[in-house]
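> Assemble the complex: chain D is given as a structure, and chain P must be docked to it using the hints.
Each protein sequence line maps, in turn, to chains D and P.
The opening position of the first sequence corresponds to residue 1 in the numbering used here, with each subsequent residue numbered one higher.
The opening position of the second sequence corresponds to residue 1 in the numbering used here, with each subsequent residue numbered one higher.
Here are the simulated BS3-like cross-link-like pairs (lysine-lysine), alpha carbons at most 27 Å apart as the crow flies:
#  : chain 1 : residue 1 : chain 2 : residue 2
1  : D       : K169      : D       : K308
2  : D       : K46       : P       : K313
3  : P       : K43       : P       : K3
4  : P       : K186      : D       : K275
5  : P       : K260      : D       : K260
6  : D       : K308      : P       : K288
7  : D       : K97       : D       : K133
8  : P       : K308      : D       : K316
9  : D       : K288      : P       : K316
10 : D       : K242      : P       : K97
11 : P       : K46       : D       : K313
12 : D       : K308      : P       : K316
13 : P       : K308      : D       : K288
14 : P       : K97       : P       : K169
15 : P       : K275      : D       : K186
16 : D       : K97       : P       : K242
17 : D       : K260      : P       : K186
18 : P       : K99       : P       : K186
19 : D       : K186      : D       : K97
20 : D       : K313      : D       : K169
21 : P       : K186      : D       : K242
22 : D       : K316      : D       : K242
23 : D       : K288      : P       : K242
24 : D       : K260      : P       : K275
25 : D       : K3        : D       : K46
26 : D       : K308      : P       : K308
Don't read these hints as lab results, they were simulated from the structure.
Protein chains: 2
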Amino acid sequence: MSKKVAIVGTGLIGRSWSIVFVRAGFEVWLWDPIDGAVSTAIKLIKEELPNLAEGNLLNSCSVEQVFARVHASNSLEDALDGADHMQENAPERVEVKQKLYQQIDQLVDPQTVLASSTSGIVASLFTENLNAKEQCLVAHPINPPHLVPLVELVPTPWTAENVIDRTTKLMHQVSQAPILLNQEIKGFVANRLQGALLAEAFRLVEDGVCSARDIDISISEGLGLRWSFMGPFETIDLNSPKGIRGYCENFGPLYYELAKEQADPRIWRESLIAKVEQERRQDLAADKLLNRQHWRNQRLALIVSTKKDGEAKLGK
Amino acid sequence: MSKKVAIVGTGLIGRSWSIVFVRAGFEVWLWDPIDGAVSTAIKLIKEELPNLAEGNLLNSCSVEQVFARVHASNSLEDALDGADHMQENAPERVEVKQKLYQQIDQLVDPQTVLASSTSGIVASLFTENLNAKEQCLVAHPINPPHLVPLVELVPTPWTAENVIDRTTKLMHQVSQAPILLNQEIKGFVANRLQGALLAEAFRLVEDGVCSARDIDISISEGLGLRWSFMGPFETIDLNSPKGIRGYCENFGPLYYELAKEQADPRIWRESLIAKVEQERRQDLAADKLLNRQHWRNQRLALIVSTKKDGEAKLGK
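Bound-form chain D, shown alone (with noise of 0.2 Å):
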């Protein structure tokens, strides 16, 4: 296999890819039709790797072997020659990806797995009419890439057997936690979750049950400190002597009510939206937001290292 990795749009989301990738010893090269994005990228990613090397997440590579990695690409051609894997991240528009995986086609050799990462849009949706279509699927990371393992690998009805495997293998190769999607279905599982973890929370603060701080803590000093290492059916199958039967017997009908109380589909109105919004402005200021970004990836690095030694020590 080779070792080149294509990354194909090098906003945000592509420069964590490049990341990974590095730092799990590919050469990765970059291009974006944008002028001076790709020269931009490297920059950004040449600031960003001393905090990465100081948080113990380069893989124990010194800054510069990883950055002796990343290349920037003149053309689209170039990225893609040779390259075993390209990262597409395109903005989300159907026509913009339509577009670009018609010049993808000309040009990419049949070895190279094609992978989105689109958060929402099929797969299915443009890339049917290619020749390279049964080379195509949906790599959808959680932002950023680099902190946070999960990618959902969501094929295409076309994607070849070999080009989903050789993925899910590419993924857990550059330690990427990959899950399969069966089907193409609107936003995959993880969106699905959080979207159907959201609705309650909005109907909650709506109906004036509590307000969306008391939400936020019924989360992060709550269920959210197991989830940061075991998954909901784990958890549950953990509360209770007889494992997941017997906790499904015992609160199955209590969910079940629950479940036709939170049938009501809701949009979030504007009322709703301007009163969540009331209460964040008061704990966070709107010109903080980036900082509190910045506050956000350094906890997530935390996590994750400390997750690292978890397994280590106590077993994954």
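Just chain P now, with coordinates in the frame of chain D:
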């Protein structure tokens, strides 16, 4: 304020609450109607304390200092006498709570807060006819409270304001994270949020979208990392340059579409439970459930202690 807390019901939750209070400097008096239950509980607390000291979870107190604050009561009357706060952890059956609170009503001083750990029974169902009804509310912890700070405070329609205020302050004083519900509601807040997420998780498995294992990964390697230190509203507030308003403008329509798809309440059927159980038992044999609970508590302790470091270093 007195430093005495009565723990009524000394099973798993009662023992964990005892640790919460003694490590914060309170004198705890345990009572349980079952013969021998209190001495067993005290023995188990004693065995657990060294592990907590090792994990830096005793608030810088020594095991001896903390253990000296644990006391056996000879009677319910002794336990309640002069207590500032009672934490009740009786079985989850309304008739058991009703009987118990009638006894308590005969004995309790007017200054004692009467807090129930119930996860599912609103306090109005067992306090309406008591003289001390204004002293009663729910203070629902997440298991185990000495590791997970969230406490849901759920007053009845007749709970006195100062009882809510005192309980809120007490929970902060013992380093728990209280939230306040403005009304009694089925499942309270945390389990309603968990229920919404579980409903979608089971739905995705039932519909063949992905495995239960992959659902767990989508949380434990994805959304759960952020949720371990910030809630769902702060999460989306930081995911748009324009904050939560920008996020809702961009993604509100998508989430509304998802909410409509998710508005089909489903019973967790036997065949579905069997499918998820089979995956869980492949990953964890039934006779390893107890070991794994111990592992969970160790992992939780590590996350909690890292969170404290993170907050100290980077801010809350």
